[in-house]
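Peer 1: Here is how the chains run, residue by residue.
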Amino acid sequence: MITIQNLTKVFRTEEVETSALSGISLEIKKGDFLTIMGPSGCGKSTLLNIIGLLDSATDGSYKLLDQEMVGLKEKGRANVRKENIGFIFQNFNLIDELSVYDNIELPLLYNNVKASDRKQKIEAIAEKLNISHRLKHYPQQLSGGQQQRVAVARALVNDPKIILADEPTGNLDSKNGNEVMELLTDLHAKGATILMVTHSDYDASFSQKTIHMKDGVIFSEKLNQRNVDVFMDAK
Amino acid sequence: MIFNWFKIFIYHLRQNKLFSFLNVLGLSIGIAGVIFAILYWNNENAYDQWNPEKENSYQVLNKIGGTGNTWASNSIPFGETCKATIPEIESVCFFNNTWYDNAPIKYQNKKIMAEKITMSDNGFFDVFPFPIVKGAKTNILKEDSSVAISEETAKLLFNDQDPIGKSLSYNNKVYTVKSVYHLIRPSSIEPNYVFGGVKREGDKTSWGNFNYGLMIKAKKGTDPNALVKKMQNVNFVNRTVKDAKESGQTVAQYVKENGETTVIIDQLKTARLHGTKSSQGINFPEGKGNLQLLYIMVGLSILILVLSLVNYINLATASAIKRAKEVGVRKIVGATKSQIVTQFIFETAIIVILGILFALAIVELSLPYYNVFLKKTLTMNGSEFYLQLIFIFGLVIVLAGIFPAVYISNFETLKVLKGNFSRSKSGIWIRNSMLIFQFGIAAFFIIGALIVNSQVDYMMNKDLGFSGDQVIRVPFNTPERIKRTSQYLTMKQEIKKISGVQEISTFAGTFGNSTNSSSGFTHNGIHVQPRNVEMDFGFLEMMKIKIVQGRDLLPQFASDTVSNMLMNETLVKTLNLKNPINTIITSGWGKDSDEENMKFKIVGVVKDFHITGLQDKVPPMVFINLKTLQWNNFNNVYLKVSPNNLTETLAKLKTYWEKNVNPDYPFDYEFVNKGFAKTYQEQVKQKDLFFILNLVVIVIAIFGLFALASFSMERRLKEIAIRKTLGAETDALLKELSKQYVVFCLIGFAIGVVPAYILLQKWLENFAFRIGVSVVPFTIAFISLLVLTLLIVSAKAYQVTKIDILKYLKYE
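Line by line, the protein sequences give chains A and B. Take numbering that gives the first Met the number 0: the final residue in the first sequence is number 234, and no numbers are missing along the way. Take numbering that gives the first Met the number 0: the final residue in the second sequence is number 811, and no numbers are missing along the way.
Mixed in with the good hints, there may be bad ones.
From chain A, some residues computed to sit far from chain B (all C-beta separations above 10 Å) [as the list claims (entries may be wrong)]:
#1 64
#2 109
#3 110
For each label pair, taking beta carbons as the anchor points, the in silico distance ranges come out as [what the hints assert, rightly or not]:
#4 129(A) with 727(B): 47 to 53 Å
#5 142(A) with 749(B): 32 to 38 Å
#6 69(A) with 405(B): 26 to 32 Å
#7 16(A) with 698(B): 51 to 57 Å
Residues on chain B that point at chain A, a partial pick, calculated with CB under 8 Å [claimed, not checked]:
#8 331
#9 645
#10 649
Derived by calculation from the structure, the hints in this document are not laboratory data. We put the CB at the ideal spot given by N, CA and C, even for glycine.
Chain A with its partners taken away, still in its complex shape (with noise of 0.2 Å):
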């Protein structure tokens, strides 16, 4: 599904030029679950804001479904960005100016998808996420944890083809970050592709394979076991 190669990515400012990424290659596959960890400032972020198609790369090459994405205008990128990939943010960015139901239609509008469609889908995807009975009410009138359930709502609404999560868990108490991330991996077993920022070595033991970044390079990948965590509630 996506084939990164040899991509780097360098900011410039009139001073000093910094490298970001230097040279990363990767392949996610439909169906994968992948976590990207570093320390701060290794490049994770940039790579994820790259693939997200919200920042573009400096050189190399970065394809999605086949299609090239280095040095496509903003415009392509907008277009591609919304109707193949959800967003899932640390600080969740909802608007809080809109409800529930209008956060989670927001995606749809930019699709242009007709109003019983939208409907019916914010109502489906609303009662698969446990979040029925909050449409009506507004981001600042939830819990952390019914935020980021909303954000995953709307990241999954318009059925993208991956997903792309930026430490989902990172503003969660332990509590509300392990349902956030029981939802992840219940969509990965039907069959979402994942990519996933995170610090955090409990939540990328939720994934499949996780990848290792220091200073713009990936440095190892590891598969993971599957853990049955008996005292899940103890971490």
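The hints should help you fit chain B onto chain A, whose structure is shown.
Peer 2: Okay, now just chain B, sitting in the frame of chain A:
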């Protein structure tokens, strides 16, 4: 999608009720100003546009050689000769062009006090083709005893009877109604009655009697420049050449000494607003369009609209920071840039619609006052007006909406969602320069209002050279003009006996509107055209007008009613008379046309006083007694009345007038001071206009400043918290926060000063008597602007420095 946009718009509207309201209000005031200007503009530009002959019809004016005065009046032989000798001229029309008569009209036993009466000739309906609804369609005023009346008048006089062929009496003459016409407004002349026979016998062959307004209708496609040349030639052949021959000079010599009349023609289409300025001030009975006031209105309203637009843009971009996250999220879930732009323009559109509705309400409510102010009856009507409204709507959206929308849509998604965008410096310089611009406009308005105000004050308090205190002017409409002087002299004794009347006198003229006649003469090779003051004995004394040399005209000297005259200082100076007393001059008056011109001896010099408004210089004047020429040219008597029992005195005068002067005319009076005040009424209006607009501008500007200062200070809350933690005191913080606004105020003021100085200087050039522009208004404006700025900014700054430090250090 629109529903989604609308929801978020409503949310923000409710969150920022006050700011949203002020924002809408600011815009609506700006739009209301433009609507007012448009209504006025439309009305002024609509004059005569209905007239199918507007492009072929011209008004004829004459610039008199020697004095350089321009008269909107003509002599009969000039007009007739033009018609007879210039093939391009289809018809000519003589009419009373500077005034309407208001007089009683009688039909059978009915008598009505009619208004807007005019006199003309058979050419009238060629130039002003009001549609004829009844009666003859051509040759309507061929006979001097014919009259055409408007539909409304027909109804008023005859109810449902057929008016055609009925007899009316006006000025003791009987006229037959020939036609009824439908009056189309607005028009340069909107008469209720058009009587035939305007041409008086004595004027028919006299080239020097400029007593009539003249319109000519040219054939289609006539070149006006060629036409005016031919007319100029008529004047040259018949006047200049003949006059030169009579005076025994060559033409060149004569022209050099006396100058030559220049013929000017104004196309009817543009005559109302762009017509030539004449000495009488008005060229048509409905007056002249006040182009200057129109430009001032349009200019100021555009400035106010710009001010409110700047405010809107400033607030929109400042509050955009609060919307950054929303925009980022929208972009991530798939919104394109153009969708974001559309969304924010959509919001502007709603605000503008609200603004326009508000503006229409404001206009509707204040239209009556505006109409009083302009002396008009404007209404919000007509497809043209609504088209203009739609145009304003579009324009305001484009000007106010596009910039903030593009600005917002350019937020970088990543920065917005990750970094702390709320302290971003983006767009600050634009907001600051707009703020400076606002300061500039505010400075302009404050300076303008101060200067206009002091000029009006100056005009109201200037020593006019006469005192009108307790003097009333009473119209003296005796039925037979020829006997007026002798009737007046008889009645004078009786009126004097009425208790409360202290003095009585008269002259042929009114204060504020000049005298009723003017005659030219040449002395020592200098040609002058002084105003004639035909006055009763005691007139100068009653008006407290001073004599600076010699003596007043007195009843005990027989020659004072025959061959003695007074001159004013201006005329003495113009004629270069070193010792004016006892100088003999040859006047421009002859008792009969073949007799030699009369000679007069100057017995006194009158101190200059103002007979017209302060726009004009004091004209040269000669003073002679009423009996000298026996022109019976006066229309009023002047009475000095005691302030005690005024009502009683007036009641007695009324009874006397209705019994003895003319029972047909209702008794009327006006205080001389009040009459003169009409000459600066226009400026008082402009002063009031400036004052009101000034308030509006200052309110908008203050609100803009407050809002902008609030936004930018709230962005600095964390900085303030840190400074406070480090020990900054409130004073130091206040200084720190207010500093930049004082600098903006200074720059803005500097920008506003230059146009204010230039434009106000230009405005003052309207007045022959004017104040000099001193530094005082500039200083006052500067100080008040600075004080206002400091007040607003430090109030906000003080509030900001009282924040809870912990809250901002912890959570930001």
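Peer 1: Does each hint fit the structure? Answer for all of them.
Peer 2: Status of each hint after checking the structure:
1. At roughly 17 Å, the least C-beta separation between residue 64(A) and chain B is larger than 10 Å, which holds for a residue marked as non-interface.
2. The beta carbon of residue 109(A) sits about 4 Å from the closest Cβ of chain B, which is not more than 10 Å, so the claim that it is off the interface is violated.
3. At roughly 6 Å, the least C-beta separation between residue 110(A) and chain B is not larger than 10 Å, which violates its mark as non-interface.
4. With their beta carbons about 51 Å apart, residue 129(A) and residue 727(B) fall inside the hinted range of 47 to 53 Å.
5. Distance hint check for residue 142(A) and residue 749(B): the Cβ-Cβ separation is about 57 Å, which falls outside the suggested range of 32 to 38 Å.
6. Between residue 69(A) and residue 405(B) the Cβ separation comes to about 27 Å, which falls inside the hinted range of 26 to 32 Å.
7. Between residue 16(A) and residue 698(B), the C-beta spacing of about 53 Å keeps the proposed range 51 to 57 Å intact.
8. The interface hint given for residue 331(B) is met, as the beta carbon of that residue sits about 5 Å from the closest beta carbon of chain A, less than 8 Å.
9. Given hint, residue 645(B) at the interface with chain A, is violated; its Cβ is 70 Å from that chain's nearest Cβ, farther than 8 Å.
10. The interface hint given for residue 649(B) is violated, since its Cβ lies 71 Å from the closest Cβ of chain A, which is over the 8 Å cut-off.
Checked against the numbered hints listed earlier, the structure breaks hints 2, 3, 5, 9 and 10; every other hint is satisfied.
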